[in-house]
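Novice: Each chain, written out:
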Amino acid sequence: MSERVVELEILRYDPDQGEAPHFQTYSVPCREDWVVLDAINYIKDELDRTLSYRWSCHMAVCGSCGMVINGEPALACHAFVRDYPDKIRVEPLHNFPVERDLVVNMDDFIGKLTSVKPWLIAKDPKTIDEGAYRQSKAELSVFKQYTACINCLLCYSACPQYALNDAFVGPAALALAHRYNQDSRDVGRSARQDVVASNPGIWECSFVGACSEVCPKSVDPAAAIQQSKIASTGDYFLDFLMPWRNKSAQSGNDE
Amino acid sequence: MSRPYIRPVSRTGWWLAQPRYVRYMLREISSLFIGGYMLIMITGLYRLSQGPQEYAAFLTALLGPAGVAYALVTLVFAAYHTYTWFIVTPKAMPLVIAGKRVPGPLIVAAHWLGFAVVSVALWLLMTAGGA
Chain R
1 MSERVVELEI LRYDPDQGEA PHFQTYSVPC REDWVVLDAI NYIKDELDRT LSYRWSCHMA
61 VCGSCGMVIN GEPALACHAF VRDYPDKIRV EPLHNFPVER DLVVNMDDFI GKLTSVKPWL
121 IAKDPKTIDE GAYRQSKAEL SVFKQYTACI NCLLCYSACP QYALNDAFVG PAALALAHRY
181 NQDSRDVGRS ARQDVVASNP GIWECSFVGA CSEVCPKSVD PAAAIQQSKI ASTGDYFLDF
241 LMPWRNKSAQ SGNDE
Chain L
1001 MSRPYIRPVS RTGWWLAQPR YVRYMLREIS SLFIGGYMLI MITGLYRLSQ GPQEYAAFLT
1061 ALLGPAGVAY ALVTLVFAAY HTYTWFIVTP KAMPLVIAGK RVPGPLIVAA HWLGFAVVSV
1121 ALWLLMTAGG A
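Protein chains in written order, with my numbering: chain R, 1 to 255; chain L, 1001 to 1131.
Worth flagging that the hints you see were computed from the coordinates, not collected in a lab. It is possible that some hints are incorrect.
Claimed, not checked - If the Cβ cut is set under 7 Å, some of the chain L residues that face chain R in the computed set are: (1) Y1005; (2) I1006; (3) V1009; (4) R1023.
Said to hold, decoys possible - Restraint-style ranges between C-beta atoms, simulated for each label pair: (5) R:A60 / L:G1064: 54 to 64 Å; (6) L:I1097 / R:P21: 45 to 55 Å; (7) R:R49 / L:I1097: 53 to 63 Å.
Every residue gets a Cβ at the ideal spot worked out from N, C-alpha and C, and that includes glycine.
Sequences and hints are given; from them, build the entire structure.
Specialist: Here it is as structure tokens:
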């Protein structure tokens, strides 16, 4: 199999040195079927074992190896070296604090994800013995694409709104909130609305659409957020026209 | 202890970082030109209320080089705004008919069709009024 020598410029940051990050270049003989993650693994194994980065599954399922490759957020295991020129620049995901080299701190995202209650809130919770919550294929098809999110954070890295205001709840968390709101078995929408329909929630999004363009799983978070905006705008006008509606909806969800 | 590095973000130049951000800014800026054109239309109505001479002067000013240039730039921005808006309609308004998702391109095509119908109707209305 043919080999090609590729220059990988990798952003290095060592918190113990107290210096700003800098790029370090490695010459890597890449096989034709290699992805960028293979090239980085080669560096770690053969050239420089001090390089830090995250990876696990090598098949675009775990969401660990999100990086910025030649300026574009991508999964390193999903980015074939053959699709890039002889120089590839690899940086940690944008918009997150860099802990070391290509490793970012994702605590902010985990907090936001939890804040939208991304789990099934059933009207009548069942025990395991009582069996599964069932739904039809048609009911599943309404939200199935949003279940494909692997929390890889490429969408946060691509989002200029999150870059400018890190209070923004952000694409993946809002898409997952929408996923449960659209689920026929779920009644938790009003419990999520305080976060979802707030200013730092869906209304901070100005529909740049970058999140959906970089998403490796075709989740389309931008679509989820726009649909949530339309639903929340409907709430606003209905509450205005029918003030009593809000009360009954609230009590319905407190059960 | 963690000593993370926070990369700076330019509050004024961020949109130059990627072509998709530039396209987004062009889409957003288009509304300024369209808003400006609305102001011109409202001015026209006001001049019309003042009398035929004032309205004729308004039309003459509109046909000057600056007026034509602004109209052309606004036309390009309005076309771009319409194109970008229609293309995202399947995202914001997904349709399910008889348990099946309506394909996105069909929703976009329906918007263009509606646009064409309204345009033709307006054109007919205007030409009928002139006759």
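Novice: If you take the shortest Cβ to Cβ gap from I1006 (chain L) to chain R, is it below 7 Å?
Specialist: Check passed: Cβ of I1006 (chain L) comes within 5 Å of chain R, closer than 7 Å.
Novice: Hey, does the R1023 (chain L) contact hint survive, CB to chain R under 7 Å?
Specialist: At 9 Å from the nearest chain R Cβ, R1023 (chain L) fails the 7 Å test, so the hint is violated.
Novice: That 53 to 63 Å hint for R49 (chain R) and I1097 (chain L) (C-beta), does it hold up?
Specialist: holds, 58 Å
Novice: Range first: 45 to 55 Å. Now tell me if the beta carbons of I1097 (chain L) and P21 (chain R) are that far apart.
Specialist: holds, 52 Å
Novice: Do the beta carbons of A60 (chain R) and G1064 (chain L) sit within 54 to 64 Å of each other?
Specialist: Because 58 Å falls inside the window, the suggested range holds.
Novice: Let me know if the C-beta of V1009 (chain L) comes in closer than 7 Å to any C-beta of chain R, holds or violated.
Specialist: holds, 5 Å
Novice: Does the CB of Y1005 (chain L) sit less than 7 Å away from some CB of chain R?
Specialist: holds, 4 Å
Hint 4 from the list above is the single one not met by this structure.
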